[in-house]
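Asker: From just these sequences and the hints, can you work out the full model?
Residue numbers (the numbering used here), protein chains in the order written: chain A, 1 to 417; chain B, 1 to 269; chain C, 1 to 292.
Mixed in with the good hints there might be a few duds.
[Stated by the list, open to error] Facing chain B, a subset of chain A residues (Cβ under 8 Å, in silico):
| hint | residue |
| --- | --- |
| 1 | 77 |
| 2 | 78 |
| 3 | 80 |
| 4 | 81 |
| 5 | 82 |
| 6 | 83 |
| 7 | 85 |
[Unchecked claim] Mimicking DMTMM-like on lysine to aspartate or glutamate, the simulated pairs with C-alpha atoms at most 20 Å apart in a straight line are:
| hint | chain 1 | residue 1 | chain 2 | residue 2 |
| --- | --- | --- | --- | --- |
| 8 | A | 270 | A | 151 |
| 9 | A | 278 | A | 151 |
| 10 | A | 327 | A | 151 |
| 11 | C | 4 | B | 212 |
| 12 | A | 278 | A | 315 |
| 13 | C | 4 | B | 26 |
Since the hints were derived computationally from the structure, they do not count as laboratory data.
Quick reminder that beta carbons are idealized off the backbone N, C-alpha and C, glycines included.
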Amino acid sequence: MPRRWPLLLVGLMTGVLLGLWGLAANAVERVNVLMPAPFAEATADLVAAFNRDHPGIELSVTRGPLETEAVSDLAISSLLLGSSPYDLLLMDVTWTPKYAAAGWLEPLEGWLGEDALADLAPGAELGNAFAGHLWRFPLVADMGLLYWRTDLMQAPPRTPAELEAISRRLQAAGQVPWGYVWEGKQYEGLSCVYVEMLRGFGGRWLEQEQPELNSAAAVQATAWLRHLVEAGITPPTVANMAEPEALQAFQAGDAAFMRNWPYAWAELNKPGSPLRGKVGITTMVSETGEPHAATQGSWGLALLAGSRHKAAAVEALRYLTSVEAQKQLNLRWGYTPTRLSLFNDPELLAANPVLAELKLALSDAVLRPLTPIYAQLSDLLYRELNSVITGGIQPEPAMEQLQGNSERLLITAGGQR
Amino acid sequence: MARLALLIWSLGPMVWQLYTSLRPTEALTGGLGGGLGGPGGWTFAHYQQLLHGNPPFQIYLLNSALVGASSTALTLALAVPCAYALSRLGRNASRSLSLLVAAAAAFPAVLLFLALLELARNWHLANNLLALSLPYAGLCLPLAILLLQASFRDIPMELEEAAVMEGMGLWQRLRWVLLPLMTPAMASAALLIFIFCWNEYPIALTWLSRSDLLTLAPAMARIAGSSVYTIPYGAFAAATVLGSAPLILLMLLFQRQIISGLTQGAIKG
Amino acid sequence: MRWKLWLLMAPALLWLLAIFAAPMLHYAWLSTQAETVLTGLQPRPVGAEQWLRLWNDARFWQDTWQTLRFSAVSVLLEMVLGLAMALLLHQPLRGRGALRTISLLPWALPTTVMALGWRWIFNDPYGPINQLLQGLGLSGVPFLSDPAITWLAAVWADTWKTTPFVALLLLAGLQNIPADLYEAAALEGAGAWQSLRRITLPLLTPYLLIALLFRLAQALGVFDLIQVLTGGGPAGSTESLALYAYLNAMRFLDFGYSATVMLGSFAVLLVVAALAGLAFQWSRTTQAEELR
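Answerer: Now the structure itself:
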């Protein structure tokens, strides 16, 4: 008896596999999209509507993990092995170069036309093309914003010095315990904060694919973040703050300014919020003559090179990123659209008056470096910055060290010296 | 007293999982009143959800069983001759070889995953449950060899010498004289190997990506990662119960062999 | 005759070489190469740069410290609790067989299965531990969201799972100690504590050493538990060396560096195992001198 049961199992397994195979072999074209869990939820109605309109295609969504990186891990684990069950992938803006360089994506310009991005809002077109091809079509836009208290000041600060001055005045008057909260934890959010300040001081992260993190502007930007903590404008707990913690502090009235993404707007203005109607948004402060930068973070759909239903998948991609679909996503779920016409749509503007300001901020969007090794560059950056913020190392030696480590990373990753 | 503490320590977490898996979701997050034995009643909904999922949960158990069975067979086929030869080898050679094998037994398998990943990529072994037996057999061999050679040593040399007198060759002696005596030891080893393969995670994680081919361990991890959004802990708990049940059964059925296998290995290994 | 024995061993030994030795040699070569998406996942020689990068990599050293901390505390706990459990299971009590089986159950369960279970048990505020604390009027413990605490939660889960294994190894040793030694000691008027110190521990030494080395090697390679329980978080405070090596390959697609990290963690393992072995030898000789 014990000798027979492996055989039995083999038989059972074959049966199950044959059954699955039989299911897959009928005429309908199956298109599978991998999305993070919240997007899978938000697009469920759209997917159902698509399937009603397209009897020949069956679009299904694989509900991925909530955490951004975990979604990518799931996709990569199947792509590395050469057989992916997905046709479309909803990607964060920072993944595009990595996936494109790995050869996992299908260029989209052949399917959507060279002018596919023409009717996007300025700023939303960034981060979709890399190395001369279009790899991704943006579904929702996201950008870093400076939130300010309209009940405490006439106008928001436009330079770092103004932000400091207003904070000191409000703190001295006892109106807020702290001036400015932002994301200072050792994670990607800190890199987003830093990109805005770096631009605001006139610096660059990479110039012609080489790091410039020991430039005077880069050191100034770092020193300013540390200075905020030393001067008592930002609480020392910023070193452990991600978006939820910053929002919590700001919403509790603990700070006059906050750096966060558009989602915080709805949270701050929902019924019962103590700050309802008392918050304004604008772009990040910068030195005179330098741009007010908003780090762009967007999600977009990409077509996988290994897909066996490319035409049907492109059909689904067009549908999910269409004007009507984006309108629904905004009305029901509050996602910022990427199509220009929607920012002027009276119905949307009535529901979301803040869209006008978001459009302005989007036009100031800056990208984090477009490089396949972005994730590791960013890991080096936010580690070093976090230890500067906690006072573990001085800004100047920190940036020298960071520059050296970034250069070495480029060499060992096969980029040129 | 001490025995009770041991029982609670060992069984407590499992009992809590069983309890959670039978409670409706609302009862789990209903605060203290609803948490422990409060209102809400009992439900099998979490189990039904798992068994009718896509793919259904039992697929993972079948996959694990298949990989475990084929890996055990392959491991024993390689380990038995090796263990026999090792037990008949001169003292010095046997000692140093055994030491190397013991070192391999302690080696953390996760450090091998990158090389094995490249193997799977280059030789197209990914997403193939039977191919997974190749690395698994390698990982289980050290333990199997140590266990089996200890038992081979226990068999008196006179028995084999008598067989030689009767004109039996090496192969015949192994098949007709030694192996029948080895059955208990081989059963212990087979059970331990099976448990190891059933539980193995890093290699399965890198070799399998199709969700209908996942073994239990990576499937659990995928379930864990797939929904931090809400808190479906009832479903999680049901998954841990279903995932542990076969092994608990195995342990209860074969406790003697498993425990003697482990202790034998310790005494003589 | 002898060559026949070697022939019988050959398949298994070759298999072992292929699975254990070949990867290490492959890593040694790969650690001198750049192999990322920038090189089209093809190797390109970079000399010793990967090793310099490892030396300067704050994340590698942070993970080394975290892995050592986790291993030291959990293995120490496992040895102490394992010894206690073994002594308990060795006593001639009713239901001993059943108790042995039950206490071994945690070891047999897949790590990922119970790691998922522990996530719920450690849940703040709905897990049983926090429910209990709140019921006693205490505040809940953020087991999985506070960098200062989460690694201890991982230690806890690991100890739960592997203590039975240590206990069983030590139980085997206890069964090998002749009972008349204890009787003789009792006649000389030695108490329970003294006979533990003067008979049990010295005679158990080889088993303790095996259990210690085996557990240390496994703990230094901790991966399954961390990946499912915490994913390395919060803020990377529980990331282990093995997880970092894994992420370098599977998330960053940086195979050359992943191999370097792998060899780096192997080196850490060798150093720790050697130190543990030496410390053990030393304590054994001093103990022997004391007894003399």
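Asker: Each hint: holds or not?
Answerer: Right, here's what the structure says about each hint:
The beta carbon of residue 77/A is positioned within 8 Å of a beta carbon in chain B (closest approach about 5 Å), and the interface hint is therefore held. Hint status for residue 78/A: holds, given a least beta-carbon distance of 4 Å to chain B, under 8 Å. Annotation: interface hint on residue 80/A holds; nearest CB of chain B at approximately 7 Å, less than 8 Å. Evaluation of the residue 81/A hint against chain B yields a held restraint, the C-beta minimum of about 4 Å falling below 8 Å.
About 7 Å separates the beta-carbon of residue 82/A from the nearest beta-carbon of chain B, less than 8 Å, and the hint is met. With a cut of 8 Å, the hint placing residue 83/A at the interface with chain B holds, because the nearest CB-to-CB distance is about 6 Å. Restraint check, residue 85/A versus chain B: the minimum CB separation of about 6 Å is within 8 Å; hint holds. Between the alpha carbons of residue 270/A and residue 151/A the distance comes to roughly 17 Å, so the proposed pair stays at or under 20 Å and holds.
Proposed proximity of residue 278/A and residue 151/A is supported: the alpha carbons are some 6 Å apart, at most 20 Å. Using a Cα cut-off of 20 Å, the hinted pair residue 327/A and residue 151/A is violated, with the two alpha carbons roughly 32 Å apart. Restraint check for residue 4/C and residue 212/B: not satisfied, since their Cα atoms lie roughly 44 Å apart, outside the 20 Å limit. A threshold of 20 Å between alpha carbons decides the hint, and for residue 278/A with residue 315/A the separation of about 43 Å lies outside it, so the pair is violated.
At roughly 67 Å between alpha-carbon atoms, residue 4/C and residue 26/B are farther apart than 20 Å, so this suggested pair is violated.
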